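Asker: Each protein sequence line maps, in turn, to chains C and U.
Our numbering puts the first sequence at residues 17 to 96.
Our numbering puts the second sequence at residues 17 to 96.
Treat the hints as calculated values from the structure; they're not laboratory data.
Please note: incorrect hints may appear among the correct ones.
Same chains, same label: a pair holds when it works inside one copy or across any pair of copies.
[What the hints assert, rightly or not] Listed below are the simulated SDA-like cross-link pairs for lysine to any residue, each with C-alpha atoms no more than 25 Å apart in a straight line:
(1) K26 to D66
(2) K26 to G45
(3) K56 to G96
(4) K42 to M17
(5) K35 to D66
(6) K26 to R80
Since we're looking at a predicted model, the values are computed, not measured.
Number of protein chains: 2
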Amino acid sequence: MIARVHVTLKQGVLDPQGKAIANSLKSLGFSGIAGVRQGKYIELELEDADPEIARAAVEDMCQRLLANTVIEDYTIELDG
Amino acid sequence: MIARVHVTLKQGVLDPQGKAIANSLKSLGFSGIAGVRQGKYIELELEDADPEIARAAVEDMCQRLLANTVIEDYTIELDG
């Protein structure tokens, strides 16, 4: 089973990396960019086949390691 | 319009960051992890409303700045 985790900064938290990307894109000549946010994408390959157990485990992994829940949100998608 | 870009390492390219996450998860007591890959997730807010123009622009951004196409793949999703 594959678990896809997105870790993104919470709304309102400054994102200097996203800002840097936006500035670079502008200096390359791209226009019409209203905003850029950068996050992390983590793909976990799990041996567990039970979606409920897998989701609980990944939730726990996010809380304890993958995300800093003070400033970051995370979403989990499970895939067959 | 929101464009969501995932930049991931190509198959076969070593992923030390993913490896480090896998090791940390194991040392926290999580078992049953067959593999971890880490990528980047970039959310672009575009003023362009035409999906075709927007997709072409984001494709160009990926080629020129967002991804290193020698070792990375990217996927683009557009959202109304």
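Asker: For each hint, tell me whether it holds in the structure or not.
Answerer: Against the structure, the hints:
{"no.": "1", "hint": "K26 to D66", "verdict": "neither (30 Å within a copy, 28 Å between copies)"}
{"no.": "2", "hint": "K26 to G45", "verdict": "neither (29 Å within a copy, 28 Å between copies)"}
{"no.": "3", "hint": "K56 to G96", "verdict": "both (22 Å within a copy, 22 Å between copies)"}
{"no.": "4", "hint": "K42 to M17", "verdict": "between (40 Å within a copy, 17 Å between copies)"}
{"no.": "5", "hint": "K35 to D66", "verdict": "between (40 Å within a copy, 24 Å between copies)"}
{"no.": "6", "hint": "K26 to R80", "verdict": "within (17 Å within a copy, 28 Å between copies)"}
Hint compliance for this structure: hints 1, 2 are not met, and every other hint is.
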